[in-house]
Amino acid sequence: MSKELFISSAQEGDRIALVSERRLVEYQVQNNSNKFNVGDVYLGTVRKIVPGLNAAFIDIGFEKDAFLHYFDLGPKLKSLQKYTDQVLHSPSSVSPKLAKFRQEQEIPKDGKISQVLTRNQPILVQVVKEPISSKGPRLSCEISLAGRYIVLVPFSNGVTVSKRVTDKAERQRLVRLLTSIKPENFGIIIRTVAEGKEVAELDADLRSLVKTWEDGFAALKVSKPRDLIIGEQDKTSSILRDTLNGSFDAITVDKKEVYDDIKAYLKKIAPDKEKILKLHQGKIKLFEASDIEKQIKTLFGKSVSLPGGGYLIIEHTEALHVIDVNSGNKSISESNQEETALYTNIEAVKEVARQLRLRDMGGIIVVDFIDMKKAENRKMIYERMKSEMKDDRSKFVVLPISRFGLIQITRERVRPQTNITTLELCPTCGGTGKINASIAVTDQIENHLEVVLTKQNEKKVTIIVHPFVHSFFTIGFPSKRLKWFFRYGKWIKLFKDSSFGVTEYKFLNAMNDDIDLETKTKKEFVFDAKQEEVEIEEEEEA
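For the sequence shown, this note's numbering assigns the number 113 to the initial residue and increments by one for each residue that follows.
FYI, nobody ran anything at the bench for these hints, they're computed from the structure. Fair warning: there could be bad hints in the mix.
What the hints assert, rightly or not - Now the in silico label distances, taken between C-beta atoms and shown as ranges:
#1 Pro187 with Asp384: 38 to 44 Å
#2 Lys390 with Gln449: 46 to 52 Å
#3 Thr566 with Ser610: 29 to 35 Å
Every value quoted in this text rests on a predicted model; they were computed, and no experiment measured them. Note that the Cβ used here is the ideal one computed from N, Cα and C, for glycine as well.
Based on the sequences and whatever the hints tell you, model everything.
Next comes the structure, spelled out in C-alpha coordinates:
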(Lines of atoms letter the chains of each structure in order from A and count residues from 1; the text may use other names and numbers.)
(Lines give C-alpha, C1' and ligand atoms only; values in the text may rest on other atoms or scores of the structure.)
Protein backbone atom coordinates (compact mmCIF):
# COMPACT_ATOMS: atom_id res chain seq x y z
CA MET A 1 0.00 0.00 0.00
CA SER A 2 1.65 3.23 -1.18
CA LYS A 3 1.61 6.35 0.95
CA GLU A 4 2.36 9.99 0.18
CA LEU A 5 2.80 12.94 2.50
CA PHE A 6 1.94 16.46 1.33
CA ILE A 7 2.92 19.56 3.31
CA SER A 8 1.58 22.95 2.28
CA SER A 9 3.09 25.91 4.13
CA ALA A 10 1.59 29.36 4.65
CA GLN A 11 2.20 32.31 6.95
CA GLU A 12 -0.34 31.12 9.54
CA GLY A 13 1.02 27.55 9.65
CA ASP A 14 1.38 24.25 7.82
CA ARG A 15 -1.27 21.90 6.44
CA ILE A 16 -0.28 18.25 6.45
CA ALA A 17 -2.07 15.57 4.42
CA LEU A 18 -1.33 11.84 4.50
CA VAL A 19 -2.62 10.07 1.38
CA SER A 20 -2.91 6.30 0.99
CA GLU A 21 -3.71 4.90 -2.46
CA ARG A 22 -4.60 8.49 -3.53
CA ARG A 23 -7.21 8.71 -0.75
CA LEU A 24 -6.84 11.25 2.05
CA VAL A 25 -6.54 9.39 5.38
CA GLU A 26 -5.05 11.99 7.74
CA TYR A 27 -5.23 15.77 7.72
CA GLN A 28 -3.74 18.11 10.31
CA VAL A 29 -3.30 21.84 10.58
CA GLN A 30 -0.26 23.13 12.43
CA ASN A 31 -1.14 26.63 13.61
CA ASN A 32 1.86 28.81 14.37
CA SER A 33 -0.12 30.58 17.10
CA ASN A 34 -0.51 27.38 19.13
CA LYS A 35 2.59 26.97 21.28
CA PHE A 36 1.29 24.10 23.43
CA ASN A 37 2.12 20.81 21.71
CA VAL A 38 1.73 17.31 23.05
CA GLY A 39 5.11 16.18 24.37
CA ASP A 40 6.37 19.61 25.43
CA VAL A 41 7.98 19.73 28.90
CA TYR A 42 7.49 22.86 31.05
CA LEU A 43 8.59 24.12 34.42
CA GLY A 44 5.21 24.84 36.00
CA THR A 45 3.97 26.18 39.31
CA VAL A 46 1.28 24.55 41.45
CA ARG A 47 -1.50 27.15 41.62
CA LYS A 48 -4.36 25.26 43.24
CA ILE A 49 -4.94 21.85 44.82
CA VAL A 50 -8.47 20.43 44.66
CA PRO A 51 -8.81 17.50 47.11
CA GLY A 52 -12.30 16.66 45.84
CA LEU A 53 -10.88 15.93 42.37
CA ASN A 54 -7.59 14.61 43.76
CA ALA A 55 -5.97 16.93 41.25
CA ALA A 56 -4.05 20.17 40.95
CA PHE A 57 -4.04 23.10 38.55
CA ILE A 58 -0.62 24.08 37.22
CA ASP A 59 0.44 27.39 35.69
CA ILE A 60 2.54 26.78 32.56
CA GLY A 61 1.73 30.05 30.81
CA PHE A 62 -1.59 29.16 29.19
CA GLU A 63 -4.58 31.48 29.71
CA LYS A 64 -6.21 28.70 31.75
CA ASP A 65 -4.25 26.66 34.29
CA ALA A 66 -3.40 23.15 33.15
CA PHE A 67 -4.94 20.09 34.82
CA LEU A 68 -2.85 17.47 36.63
CA HIS A 69 -4.56 14.45 38.22
CA TYR A 70 -2.97 12.30 40.91
CA PHE A 71 -2.98 9.28 38.58
CA ASP A 72 -0.83 11.27 36.12
CA LEU A 73 1.85 12.04 38.70
CA GLY A 74 3.50 8.67 38.13
CA PRO A 75 5.15 6.48 40.75
CA LYS A 76 8.51 8.27 40.33
CA LEU A 77 7.20 11.72 41.30
CA LYS A 78 9.47 12.09 44.34
CA SER A 79 12.53 11.25 42.24
CA LEU A 80 11.49 13.82 39.63
CA GLN A 81 10.89 16.45 42.32
CA LYS A 82 14.27 15.75 43.92
CA TYR A 83 15.98 16.05 40.52
CA THR A 84 14.15 19.30 39.70
CA ASP A 85 15.02 20.90 43.05
CA GLN A 86 18.70 19.93 42.74
CA VAL A 87 18.99 21.28 39.20
CA LEU A 88 17.28 24.56 40.14
CA HIS A 89 19.15 25.20 43.40
CA SER A 90 22.44 23.24 43.21
CA PRO A 91 23.03 22.09 39.62
CA SER A 92 26.62 21.05 40.32
CA SER A 93 25.39 18.28 42.62
CA VAL A 94 23.46 16.42 39.90
CA SER A 95 24.24 15.08 36.44
CA PRO A 96 21.78 14.68 33.54
CA LYS A 97 23.11 11.16 32.95
CA LEU A 98 21.34 9.96 36.15
CA ALA A 99 23.76 7.04 36.58
CA LYS A 100 24.66 8.12 40.12
CA PHE A 101 21.28 9.64 40.93
CA ARG A 102 19.73 8.07 44.01
CA GLN A 103 16.03 7.58 43.44
CA GLU A 104 13.36 8.19 46.05
CA GLN A 105 10.59 5.86 47.18
CA GLU A 106 7.62 5.52 44.83
CA ILE A 107 4.35 7.23 45.76
CA PRO A 108 1.32 4.99 46.49
CA LYS A 109 -1.17 4.36 43.67
CA ASP A 110 -4.15 5.35 45.81
CA GLY A 111 -2.64 8.36 47.59
CA LYS A 112 -3.85 11.95 47.95
CA ILE A 113 -2.41 14.76 45.86
CA SER A 114 -2.34 17.08 48.87
CA GLN A 115 0.20 14.71 50.46
CA VAL A 116 2.76 15.10 47.65
CA LEU A 117 2.20 18.62 46.23
CA THR A 118 1.95 22.08 47.82
CA ARG A 119 0.84 25.46 46.47
CA ASN A 120 3.47 27.56 44.61
CA GLN A 121 5.74 24.54 44.33
CA PRO A 122 7.79 24.32 41.08
CA ILE A 123 7.10 21.13 39.15
CA LEU A 124 8.36 19.60 35.90
CA VAL A 125 5.40 18.56 33.74
CA GLN A 126 4.72 17.29 30.23
CA VAL A 127 1.72 18.19 28.04
CA VAL A 128 -0.28 15.04 27.21
CA LYS A 129 -3.39 16.75 25.84
CA GLU A 130 -3.63 20.08 24.06
CA PRO A 131 -6.13 22.76 25.17
CA ILE A 132 -9.60 21.74 23.98
CA SER A 133 -12.58 24.11 23.93
CA SER A 134 -12.63 26.02 27.24
CA LYS A 135 -10.28 23.58 28.99
CA GLY A 136 -6.59 24.10 29.54
CA PRO A 137 -3.90 21.53 28.68
CA ARG A 138 -3.72 18.22 30.54
CA LEU A 139 -0.39 17.31 32.11
CA SER A 140 1.63 14.37 33.36
CA CYS A 141 4.73 14.07 35.51
CA GLU A 142 5.74 10.82 33.82
CA ILE A 143 8.20 12.42 31.42
CA SER A 144 8.85 10.44 28.22
CA LEU A 145 10.81 11.35 25.08
CA ALA A 146 9.64 9.71 21.86
CA GLY A 147 12.11 8.75 19.16
CA ARG A 148 11.88 6.88 15.88
CA TYR A 149 12.33 3.39 17.35
CA ILE A 150 12.12 3.83 21.11
CA VAL A 151 10.63 5.99 23.86
CA LEU A 152 13.03 7.07 26.62
CA VAL A 153 11.58 7.21 30.17
CA PRO A 154 13.81 8.92 32.78
CA PHE A 155 13.84 7.60 36.39
CA SER A 156 12.79 4.12 35.26
CA ASN A 157 14.77 0.96 34.56
CA GLY A 158 12.32 -1.26 32.73
CA VAL A 159 12.46 -2.30 29.06
CA THR A 160 9.12 -3.12 27.41
CA VAL A 161 8.06 -3.88 23.84
CA SER A 162 5.01 -2.70 21.92
CA LYS A 163 2.15 -5.22 21.90
CA ARG A 164 2.06 -4.98 18.11
CA VAL A 165 5.39 -6.83 17.94
CA THR A 166 3.94 -10.33 18.16
CA ASP A 167 6.93 -12.53 17.34
CA LYS A 168 8.23 -13.91 20.65
CA ALA A 169 11.83 -14.36 19.47
CA GLU A 170 11.95 -10.80 18.10
CA ARG A 171 10.57 -9.39 21.34
CA GLN A 172 13.27 -11.18 23.32
CA ARG A 173 15.98 -9.98 20.91
CA LEU A 174 14.90 -6.36 21.20
CA VAL A 175 14.73 -6.48 25.00
CA ARG A 176 18.16 -8.07 25.16
CA LEU A 177 19.71 -5.47 22.83
CA LEU A 178 18.24 -2.41 24.52
CA THR A 179 18.97 -3.70 28.02
CA SER A 180 22.64 -4.01 27.09
CA ILE A 181 23.02 -0.44 25.78
CA LYS A 182 20.60 1.67 27.85
CA PRO A 183 21.97 4.10 30.50
CA GLU A 184 21.31 3.54 34.19
CA ASN A 185 18.05 4.99 35.58
CA PHE A 186 16.50 5.29 32.12
CA GLY A 187 13.65 3.05 31.04
CA ILE A 188 12.84 2.19 27.42
CA ILE A 189 9.65 1.42 25.51
CA ILE A 190 10.42 -0.28 22.20
CA ARG A 191 8.15 0.88 19.37
CA THR A 192 6.64 -1.28 16.63
CA VAL A 193 8.90 0.15 13.90
CA ALA A 194 11.96 -1.17 15.78
CA GLU A 195 11.04 -4.70 14.66
CA GLY A 196 13.93 -6.13 12.64
CA LYS A 197 16.27 -3.18 13.22
CA GLU A 198 19.94 -3.63 14.00
CA VAL A 199 21.64 -2.47 17.18
CA ALA A 200 23.39 0.44 15.40
CA GLU A 201 20.06 2.05 14.42
CA LEU A 202 18.59 1.53 17.88
CA ASP A 203 21.71 2.90 19.56
CA ALA A 204 21.69 6.03 17.36
CA ASP A 205 18.07 6.70 18.31
CA LEU A 206 18.86 6.16 21.99
CA ARG A 207 21.83 8.55 21.88
CA SER A 208 19.67 11.20 20.22
CA LEU A 209 17.05 10.97 22.98
CA VAL A 210 19.66 11.07 25.75
CA LYS A 211 21.08 14.21 24.10
CA THR A 212 17.58 15.75 24.16
CA TRP A 213 17.34 15.00 27.89
CA GLU A 214 20.77 16.58 28.51
CA ASP A 215 19.71 19.70 26.58
CA GLY A 216 16.63 19.87 28.80
CA PHE A 217 18.90 19.67 31.86
CA ALA A 218 20.87 22.67 30.57
CA ALA A 219 17.66 24.62 29.96
CA LEU A 220 16.28 23.76 33.41
CA LYS A 221 19.38 25.14 35.16
CA VAL A 222 18.66 28.68 33.93
CA SER A 223 14.88 28.44 33.72
CA LYS A 224 12.09 30.28 35.48
CA PRO A 225 8.43 29.25 35.93
CA ARG A 226 6.42 28.89 32.70
CA ASP A 227 9.58 28.23 30.63
CA LEU A 228 9.63 25.53 27.96
CA ILE A 229 12.30 23.01 28.99
CA ILE A 230 12.05 20.41 26.22
CA GLY A 231 10.17 21.21 23.03
CA GLU A 232 8.50 18.39 21.13
CA GLN A 233 9.04 18.29 17.39
CA ASP A 234 6.44 19.98 15.22
CA LYS A 235 3.60 17.90 13.77
CA THR A 236 5.40 17.48 10.45
CA SER A 237 8.42 15.83 12.04
CA SER A 238 6.19 13.88 14.44
CA ILE A 239 4.22 12.38 11.55
CA LEU A 240 7.45 11.52 9.73
CA ARG A 241 8.84 9.94 12.89
CA ASP A 242 5.71 7.89 13.61
CA THR A 243 4.55 6.87 10.12
CA LEU A 244 7.57 6.79 7.81
CA ASN A 245 8.17 3.26 6.56
CA GLY A 246 9.00 1.32 3.41
CA SER A 247 5.57 1.95 1.89
CA PHE A 248 6.17 5.70 1.49
CA ASP A 249 6.52 6.70 -2.16
CA ALA A 250 6.86 10.46 -1.86
CA ILE A 251 7.00 13.43 0.48
CA THR A 252 6.06 16.64 -1.32
CA VAL A 253 6.38 20.15 0.12
CA ASP A 254 5.87 23.59 -1.41
CA LYS A 255 8.30 25.69 0.61
CA LYS A 256 12.11 25.62 0.33
CA GLU A 257 12.72 26.15 4.05
CA VAL A 258 10.48 23.21 4.96
CA TYR A 259 12.16 21.13 2.25
CA ASP A 260 15.60 21.79 3.76
CA ASP A 261 14.39 21.03 7.32
CA ILE A 262 12.80 17.73 6.32
CA LYS A 263 15.82 16.75 4.26
CA ALA A 264 18.07 17.25 7.29
CA TYR A 265 15.64 15.29 9.48
CA LEU A 266 15.43 12.41 6.99
CA LYS A 267 19.21 12.32 6.78
CA LYS A 268 19.26 11.71 10.51
CA ILE A 269 16.45 9.15 10.91
CA ALA A 270 16.17 7.50 7.46
CA PRO A 271 18.97 8.39 5.01
CA ASP A 272 17.61 5.95 2.43
CA LYS A 273 14.41 8.03 2.18
CA GLU A 274 16.03 11.33 1.13
CA LYS A 275 15.37 10.59 -2.54
CA ILE A 276 11.57 10.51 -2.10
CA LEU A 277 11.48 14.14 -0.91
CA LYS A 278 10.21 16.54 -3.59
CA LEU A 279 9.75 20.32 -3.82
CA HIS A 280 6.56 21.42 -5.60
CA GLN A 281 7.19 24.52 -7.74
CA GLY A 282 4.19 24.58 -10.10
CA LYS A 283 1.84 27.53 -10.57
CA ILE A 284 -1.11 25.51 -9.27
CA LYS A 285 -1.18 25.18 -5.48
CA LEU A 286 0.09 21.87 -4.11
CA PHE A 287 -3.19 20.70 -2.56
CA GLU A 288 -5.14 21.60 -5.70
CA ALA A 289 -2.67 19.91 -8.04
CA SER A 290 -2.79 16.71 -5.99
CA ASP A 291 -6.63 16.70 -5.67
CA ILE A 292 -6.39 17.06 -1.89
CA GLU A 293 -8.31 20.34 -1.66
CA LYS A 294 -11.33 18.77 -3.34
CA GLN A 295 -11.23 15.78 -0.97
CA ILE A 296 -11.02 18.09 2.05
CA LYS A 297 -14.12 20.01 0.98
CA THR A 298 -16.15 16.85 0.34
CA LEU A 299 -15.00 14.81 3.35
CA PHE A 300 -15.45 17.25 6.24
CA GLY A 301 -19.13 18.06 5.85
CA LYS A 302 -21.99 16.80 7.99
CA SER A 303 -22.90 14.26 5.30
CA VAL A 304 -20.31 11.93 3.75
CA SER A 305 -21.22 9.80 0.72
CA LEU A 306 -20.44 6.10 0.39
CA PRO A 307 -19.54 4.46 -2.97
CA GLY A 308 -22.68 2.29 -3.10
CA GLY A 309 -25.15 5.14 -2.70
CA GLY A 310 -25.36 5.20 1.09
CA TYR A 311 -24.09 8.00 3.28
CA LEU A 312 -22.96 8.90 6.80
CA ILE A 313 -24.37 11.69 8.96
CA ILE A 314 -21.75 12.90 11.45
CA GLU A 315 -22.79 14.97 14.47
CA HIS A 316 -20.46 16.40 17.12
CA THR A 317 -21.41 17.29 20.69
CA GLU A 318 -19.44 18.19 23.79
CA ALA A 319 -20.03 14.72 25.28
CA LEU A 320 -19.65 12.42 22.27
CA HIS A 321 -19.65 12.03 18.49
CA VAL A 322 -22.51 10.26 16.69
CA ILE A 323 -22.24 8.68 13.23
CA ASP A 324 -25.44 7.47 11.58
CA VAL A 325 -25.25 5.04 8.65
CA ASN A 326 -27.95 5.39 5.98
CA SER A 327 -28.58 3.25 2.90
CA GLY A 328 -29.77 6.18 0.78
CA ASN A 329 -32.01 5.68 -2.24
CA LYS A 330 -29.95 2.94 -3.84
CA SER A 331 -30.78 -0.65 -2.93
CA ILE A 332 -28.50 -3.57 -3.71
CA SER A 333 -31.26 -6.12 -3.48
CA GLU A 334 -34.86 -5.13 -2.97
CA SER A 335 -35.80 -8.69 -2.08
CA ASN A 336 -33.13 -9.04 0.58
CA GLN A 337 -32.92 -6.20 3.08
CA GLU A 338 -30.31 -8.06 5.12
CA GLU A 339 -27.95 -8.17 2.15
CA THR A 340 -28.50 -4.49 1.45
CA ALA A 341 -27.84 -3.58 5.09
CA LEU A 342 -24.69 -5.71 5.24
CA TYR A 343 -23.30 -4.26 2.01
CA THR A 344 -23.86 -0.67 3.15
CA ASN A 345 -22.47 -1.36 6.63
CA ILE A 346 -19.29 -2.88 5.17
CA GLU A 347 -18.75 0.28 3.13
CA ALA A 348 -19.51 2.40 6.17
CA VAL A 349 -16.95 0.62 8.37
CA LYS A 350 -14.09 1.63 6.08
CA GLU A 351 -15.26 5.23 5.85
CA VAL A 352 -15.89 5.54 9.61
CA ALA A 353 -12.32 4.43 10.39
CA ARG A 354 -11.06 6.93 7.84
CA GLN A 355 -13.18 9.77 9.23
CA LEU A 356 -11.95 9.18 12.79
CA ARG A 357 -8.37 9.72 11.63
CA LEU A 358 -9.22 12.56 9.26
CA ARG A 359 -11.10 14.63 11.81
CA ASP A 360 -8.97 13.39 14.72
CA MET A 361 -12.17 12.63 16.61
CA GLY A 362 -11.55 11.62 20.21
CA GLY A 363 -13.51 10.63 23.28
CA ILE A 364 -16.67 8.55 22.84
CA ILE A 365 -17.89 7.76 19.32
CA VAL A 366 -21.19 5.94 18.73
CA VAL A 367 -21.81 4.45 15.28
CA ASP A 368 -25.41 3.56 14.43
CA PHE A 369 -25.26 0.91 11.70
CA ILE A 370 -28.25 -0.26 9.68
CA ASP A 371 -30.08 -3.02 11.58
CA MET A 372 -29.09 -6.60 10.72
CA LYS A 373 -30.98 -9.65 11.96
CA LYS A 374 -28.20 -12.23 11.61
CA ALA A 375 -25.73 -12.45 14.49
CA GLU A 376 -22.91 -13.55 12.15
CA ASN A 377 -23.34 -10.36 10.10
CA ARG A 378 -23.18 -8.19 13.21
CA LYS A 379 -20.04 -10.01 14.31
CA MET A 380 -18.51 -9.49 10.85
CA ILE A 381 -19.05 -5.73 11.10
CA TYR A 382 -17.46 -5.67 14.56
CA GLU A 383 -14.38 -7.59 13.36
CA ARG A 384 -14.04 -5.38 10.29
CA MET A 385 -14.26 -2.26 12.43
CA LYS A 386 -11.32 -3.43 14.53
CA SER A 387 -9.38 -4.43 11.42
CA GLU A 388 -9.90 -1.09 9.64
CA MET A 389 -8.67 0.82 12.69
CA LYS A 390 -5.45 -1.14 13.09
CA ASP A 391 -3.41 1.59 11.34
CA ASP A 392 -4.74 4.30 13.68
CA ARG A 393 -1.85 5.74 15.72
CA SER A 394 -4.17 6.87 18.53
CA LYS A 395 -5.15 4.47 21.29
CA PHE A 396 -8.66 3.13 20.83
CA VAL A 397 -11.11 0.51 22.09
CA VAL A 398 -13.92 -0.93 19.95
CA LEU A 399 -16.81 -2.54 21.85
CA PRO A 400 -18.89 -5.37 20.30
CA ILE A 401 -21.92 -4.35 18.27
CA SER A 402 -25.21 -4.31 20.18
CA ARG A 403 -28.46 -5.95 19.09
CA PHE A 404 -29.61 -2.49 17.98
CA GLY A 405 -26.68 -2.10 15.58
CA LEU A 406 -24.65 0.29 17.76
CA ILE A 407 -20.86 0.14 18.04
CA GLN A 408 -19.19 2.23 20.75
CA ILE A 409 -15.61 3.37 20.22
CA THR A 410 -13.35 5.22 22.62
CA ARG A 411 -10.44 6.97 20.95
CA GLU A 412 -7.65 8.91 22.60
CA ARG A 413 -8.21 12.66 22.35
CA VAL A 414 -4.98 14.66 22.64
CA ARG A 415 -5.85 17.74 20.58
CA PRO A 416 -8.95 19.57 19.36
CA GLN A 417 -10.93 17.87 16.63
CA THR A 418 -10.13 19.06 13.10
CA ASN A 419 -12.92 21.25 11.74
CA ILE A 420 -13.00 22.41 8.14
CA THR A 421 -15.48 24.98 6.90
CA THR A 422 -17.31 23.35 3.99
CA LEU A 423 -20.26 25.76 3.95
CA GLU A 424 -20.57 29.30 2.64
CA LEU A 425 -22.81 32.16 3.75
CA CYS A 426 -26.33 31.98 2.38
CA PRO A 427 -26.61 34.70 -0.31
CA THR A 428 -30.18 35.45 0.77
CA CYS A 429 -29.91 35.75 4.55
CA GLY A 430 -26.19 36.58 4.75
CA GLY A 431 -25.64 33.90 7.36
CA THR A 432 -28.22 35.17 9.85
CA GLY A 433 -30.68 32.36 9.16
CA LYS A 434 -33.51 34.90 8.82
CA ILE A 435 -35.17 36.52 5.78
CA ASN A 436 -38.21 38.71 5.33
CA ALA A 437 -41.47 36.81 5.07
CA SER A 438 -41.97 35.85 1.40
CA ILE A 439 -45.68 36.72 1.64
CA ALA A 440 -44.75 40.35 2.38
CA VAL A 441 -42.26 40.89 -0.47
CA THR A 442 -44.92 41.83 -3.04
CA ASP A 443 -46.39 44.40 -0.66
CA GLN A 444 -42.91 45.82 -0.07
CA ILE A 445 -42.28 46.16 -3.80
CA GLU A 446 -45.61 47.91 -4.41
CA ASN A 447 -45.07 50.31 -1.52
CA HIS A 448 -41.53 51.12 -2.70
CA LEU A 449 -42.88 51.65 -6.21
CA GLU A 450 -45.39 54.21 -4.92
CA VAL A 451 -42.64 56.12 -3.11
CA VAL A 452 -40.32 56.02 -6.12
CA LEU A 453 -42.98 57.31 -8.55
CA THR A 454 -44.90 59.78 -6.39
CA LYS A 455 -42.29 61.06 -3.91
CA GLN A 456 -39.00 60.69 -5.80
CA ASN A 457 -40.61 61.48 -9.19
CA GLU A 458 -38.69 58.87 -11.17
CA LYS A 459 -39.79 58.98 -14.85
CA LYS A 460 -38.81 55.44 -15.83
CA VAL A 461 -38.52 52.51 -13.45
CA THR A 462 -37.22 48.98 -13.97
CA ILE A 463 -37.65 46.29 -11.30
CA ILE A 464 -35.54 43.11 -11.18
CA VAL A 465 -37.06 40.25 -9.17
CA HIS A 466 -36.99 36.49 -8.65
CA PRO A 467 -38.84 34.52 -11.42
CA PHE A 468 -41.62 33.53 -9.00
CA VAL A 469 -42.27 37.16 -8.08
CA HIS A 470 -42.06 38.15 -11.75
CA SER A 471 -44.85 35.68 -12.53
CA PHE A 472 -46.98 37.03 -9.68
CA PHE A 473 -46.86 40.55 -11.14
CA THR A 474 -47.26 39.67 -14.86
CA ILE A 475 -49.60 36.67 -15.11
CA GLY A 476 -53.37 37.10 -15.39
CA PHE A 477 -55.71 39.78 -16.73
CA PRO A 478 -55.61 42.37 -15.60
CA SER A 479 -52.13 41.71 -14.21
CA LYS A 480 -50.61 43.62 -11.31
CA ARG A 481 -48.33 45.45 -13.74
CA LEU A 482 -51.28 46.53 -15.89
CA LYS A 483 -53.01 47.89 -12.77
CA TRP A 484 -49.84 49.91 -12.04
CA PHE A 485 -50.10 51.44 -15.51
CA PHE A 486 -53.70 52.50 -14.94
CA ARG A 487 -52.81 53.90 -11.48
CA TYR A 488 -49.56 55.77 -12.25
CA GLY A 489 -49.78 56.26 -16.01
CA LYS A 490 -46.32 54.71 -16.48
CA TRP A 491 -45.31 51.33 -17.84
CA ILE A 492 -43.02 49.53 -15.38
CA LYS A 493 -40.37 47.23 -16.84
CA LEU A 494 -40.06 43.91 -14.98
CA PHE A 495 -37.08 41.59 -15.42
CA LYS A 496 -36.52 38.22 -13.76
CA ASP A 497 -33.17 37.01 -12.41
CA SER A 498 -32.88 33.42 -11.18
CA SER A 499 -29.81 34.31 -9.10
CA PHE A 500 -32.01 36.46 -6.84
CA GLY A 501 -33.56 35.05 -3.71
CA VAL A 502 -37.36 35.05 -3.45
CA THR A 503 -37.26 38.10 -1.18
CA GLU A 504 -34.61 39.99 -3.19
CA TYR A 505 -35.40 42.79 -5.63
CA LYS A 506 -33.78 45.83 -7.18
CA PHE A 507 -35.13 49.14 -8.56
CA LEU A 508 -33.32 50.88 -11.48
CA ASN A 509 -33.88 54.38 -12.88
CA ALA A 510 -33.81 55.58 -16.50
CA MET A 511 -29.96 55.50 -16.44
CA ASN A 512 -30.00 51.90 -15.14
CA ASP A 513 -28.57 53.07 -11.82
CA ASP A 514 -29.78 51.62 -8.53
CA ILE A 515 -32.54 53.61 -6.86
CA ASP A 516 -31.96 54.21 -3.15
CA LEU A 517 -34.95 52.60 -1.46
CA GLU A 518 -33.80 53.72 1.99
CA THR A 519 -34.51 57.41 1.30
CA LYS A 520 -36.75 58.78 4.06
CA THR A 521 -40.12 60.17 3.04
CA LYS A 522 -43.01 61.58 5.00
CA LYS A 523 -44.79 58.25 4.82
CA GLU A 524 -42.79 55.27 6.07
CA PHE A 525 -44.01 51.83 5.13
CA VAL A 526 -43.34 49.77 8.23
CA PHE A 527 -44.15 46.11 7.76
CA ASP A 528 -44.88 44.95 11.25
CA ALA A 529 -47.82 44.66 13.59
CA LYS A 530 -48.02 48.47 13.96
CA GLN A 531 -48.34 49.29 10.24
CA GLU A 532 -52.08 49.99 10.36
CA GLU A 533 -51.66 52.23 13.41
CA VAL A 534 -48.92 54.25 11.70
CA GLU A 535 -51.01 54.84 8.58
CA ILE A 536 -54.06 55.90 10.64
CA GLU A 537 -51.98 58.46 12.56
CA GLU A 538 -50.72 59.96 9.28
CA GLU A 539 -54.27 60.28 7.95
CA GLU A 540 -55.34 62.11 11.15
CA GLU A 541 -52.41 64.54 10.82
CA ALA A 542 -53.45 65.33 7.25
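Which earlier hints can't be squared with this structure? Structure breaks no hint.
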